[in-house]
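Student: Chains as they are written, first to last, in my numbering: chain L, 711 to 1199; chain U, 74 to 428.
Quick caveat, the hints were computed from the structure, so don't treat them as lab data. Take the hints with a grain of salt, since some may be wrong.
[Stated by the list, open to error] Only pairs whose alpha carbons sit at most 20 angstroms apart, straight line, appear in this in silico PhoX-like list of lysine-lysine:
id	chain 1	residue 1	chain 2	residue 2
1	L	Lys871	U	Lys245
2	L	Lys871	L	Lys808
3	L	Lys808	L	Lys742
4	L	Lys1008	U	Lys245
5	L	Lys742	L	Lys871
6	L	Lys871	L	Lys1038
Computed from a predicted model, the values in this text were never measured in an experiment.
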Amino acid sequence: MERRGAGRTEFLRELRSFLPEAAILSEPEDLKPFECDALSAYTVLPWLAVLPDTIEQVRMVLRLSHEHEVPVVARGAGTGLSGGASPVANGVLLSLAKFNRILEIDPANRIARVQPGVRNLAISEAAAPFGLYYAPDPSSQVACTIGGNVAENSGGVHCLKYGLTVHNVLQVTLLTIEGELLTLGSLGLDGPGYDLLAVANGSEGLLGVIVEVAVKLLPLPETARTLLAAFDSVEAAGEAVAGLIGAGLLPAGLEMMDNLTLRATEAFVHAGYPVEAAAVVLCESDGMAEQVEAEIAKARAVLATHGAAEVRESRDEAERRKFWAGRKAAFPAVGRIAADYYCIDGTIPRRRLAEVLGRIGELSDRYGLAVGNVFHAGDGNLHPLILYDASHPGELERAEALGEEILTLCVEVGGTVTGEHGVGIEKLNPMCIQFGVPELRQFYALKAAFDAKGLLNPGKAVPTLARCAEFGQVHVHGGRLRHPELERF
Amino acid sequence: MRSQDDSEYLAGQVSEACARGEPLRIQGGGSKRFYAGSGEGRALSTLAHTGIVHYEPTELVLTARSGTPLAEIEAVLAESGQMLGFEPPHFGPGATWGGTVACGLSGPRRPWAGSVRDAVLGCRIVNGRGEMLAFGGQVMKNVAGFDVSRLMSGALGTLGLLLEISVKVLPKPECETTLCFECSFAEGRERMIRWGRSGLPVTGMAWDGRLYLRLAGPEQAVSAAARRIGGDVQEVAGAFWSGLREQTHGFFSTADDDLWRLSVPPAARLGELPGAWLIDWGGAQRWLRGAEADPSAVFATARSAGGHARLFRTENSAAVRLDPLPPPLAALHRRLKAAFDPAEILNRGLWQEAF
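All chains, full assembly: derive it from the sequences and hints.
Tutor: Have a look at this one:
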């Protein structure tokens, strides 16, 4: 791409004036590790990569990029599943890996102040000696970083009770593309002015580069216990989940797996799952011992009334972990029974679950690709896993087309095209199904208020109108074209 | 219960006003005007735009039009044993759903059950161009697009006229009890820090000269927690919390005084300021009442603790209520306002001192 500002050599020379040589990567072999994030089907070498280790250096990288109109893509651990941190060929890949220090654990205020490159789990480990932890627990928590968690508004298995990242972050310090340092939120429970902290969460690196995060810490639960209930039909399992919520319970974890996933995970981790069941429900209560006791008794009763064929209760911590081992290994377990799998991330109103699973089954038959379903049942976040074999010509494309149909279905029943994995580059087309032109235009205006030149993480998260028009040509939603006012090409 | 969709009319009004560059003062029940102030221009009422559009107790989600009385929403939730987790103040019988979200004020349960914005899942708005837009949805997890819905909470209607808001609701606790202790603030602060780290089922901690602790959950958990805390406790009526929430508590009754709200880290030790204190949110929300406090001293005190302050109630219409934002943040606020309301017609002037 033709660049209006500096050429690569000149840009490198300017970077060297404030960054040590080791913090600048420009050779193809050095850039290779940054060619993709966890959406590994799409690779591109970045123009350059930099690894600054002070806020001042980040500020200067941004100012320089702004001046020369060079795009910038920030990245933490690169564990994102939607390509949000995938590089762009004409831009700087800004790694925040060196910002890996925990700045302060303040037990009296239950706050941790950390740099963006600190791993999610490292926060809980540092807080544990004080009897505290950081609640959001995305499945990649061993590796993913808090900066990326904020950018993606990551979830986890405990978010029905404890919320998403946005509910657990108090303050974010970020640099704008112009190099201005902004503090959003506060160390209290709210901030002055507009709630820009809410907007920063889940903004996928389009608004600023996060350089510090203050998160809320919670007391470690005294105890936790899990129920595993087997059902003869997915519908009955879905009804039971609604029954638990209707009975006034707010479980710490509430998960569901269908038979395909159940068999795959049992073969993988031998958790002792009832493999004949059409679906299992995992229901966890945590907190004070007496509270857990009462909630588990109530949950057992509800599961029984809703026709659970079997209800097991974890007798100790080891058994509780065993119950969860299968659920946590569901993706790799499915990976063992298929050459490749494609994980979808839609959210649906829970009452539509049986209908949606039925229609996914029909789509699965039509495309000739098996689909396993893992479900964060408490919050309606469905992860259909499409099994395919990339070595068979056309199968990846079929899997992607099936995925798009599933997401269209999620929107149709009143849900969303991404519950927790983000839009990135992966779900740009489904975004055109979910949002109309006026909403997209409002997103562009919001983006421009932060980054008028559109340099931060370009081509991610929000599709252009042109892209939606092009996509709309083949996808008709609800019998109507979503963007009838646009020219088709 | 009335139900009427007035969206088209409201959007039409904004659209016409936008074309003429005529400011509009969005008006609900007027119960929080003392807090938000009153925008410039012609009044546009949301009161006819009413009704609960969707409520499914087993989904924990409620959607209602902005003119719906807050009391009606709470009554409907209560019938299914549910509630708004953020325990919003009404500040008068006319409180509406739209005003509750636009002001973004939460009650004593907020540190444990989340704020208004935490509960918001989606909204339909009319922006300053008169366009009807929908963001978010009726599902708990949704990361598609920028989170415009939560941005609307606390924006005082200056970024868009709220048409409908969907929120996550919570089950009402089976049992609730309030314990009360005679102690100084210094001692109360220590206890609140300890309880905050204890994992007990706390849903309220406040100090007004005495220390109050609200416990909620299953009956056996609440009584076990009360036993564990022990000491010289006396149970008081739960009405204490509604007095705190609605500011009918005696502390708030001196009409001539200014009332400051300081939002700070819960254990913060603040510098000396003249006036009387009442502590809520386990220390994270502090009320300062008095006539002598110098605004710049209050702002600086809150800022140096890592928080912020605003003048919440005053009889003095010329008083400085908001702390000016740092210049780059103020400039961003102005650009954001322009992104939603380029003609600056919605509730003009409400954030004047801030940006």
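Student: Take the hints in turn and mark each one as holding or not.
Tutor: These are the hints, each one checked on the structure:
Taking the CA atoms of Lys871/L and Lys245/U, the gap is near 14 angstroms; set against the 20 angstroms cutoff, the hint holds. Simply put, Lys871/L and Lys808/L have alpha-carbon atoms about 33 angstroms apart, too far for the 20 angstroms limit, and the pair is violated. Distance restraint check for Lys808/L and Lys742/L: the Cα-Cα separation of roughly 19 angstroms lies within the 20 angstroms cut-off, and the hinted pair is therefore satisfied. Between Lys1008/L and Lys245/U the alpha-carbon distance is near 15 angstroms, which keeps this suggested pair within the 20 angstroms criterion.
A hinted pair counts as satisfied when its Cα atoms are at most 20 angstroms apart, and Lys742/L with Lys871/L does not qualify at roughly 40 angstroms. Straight-line distance between C-alpha atoms of Lys871/L and Lys1038/L comes to about 18 angstroms, which keeps the hinted pair within the 20 angstroms bound.
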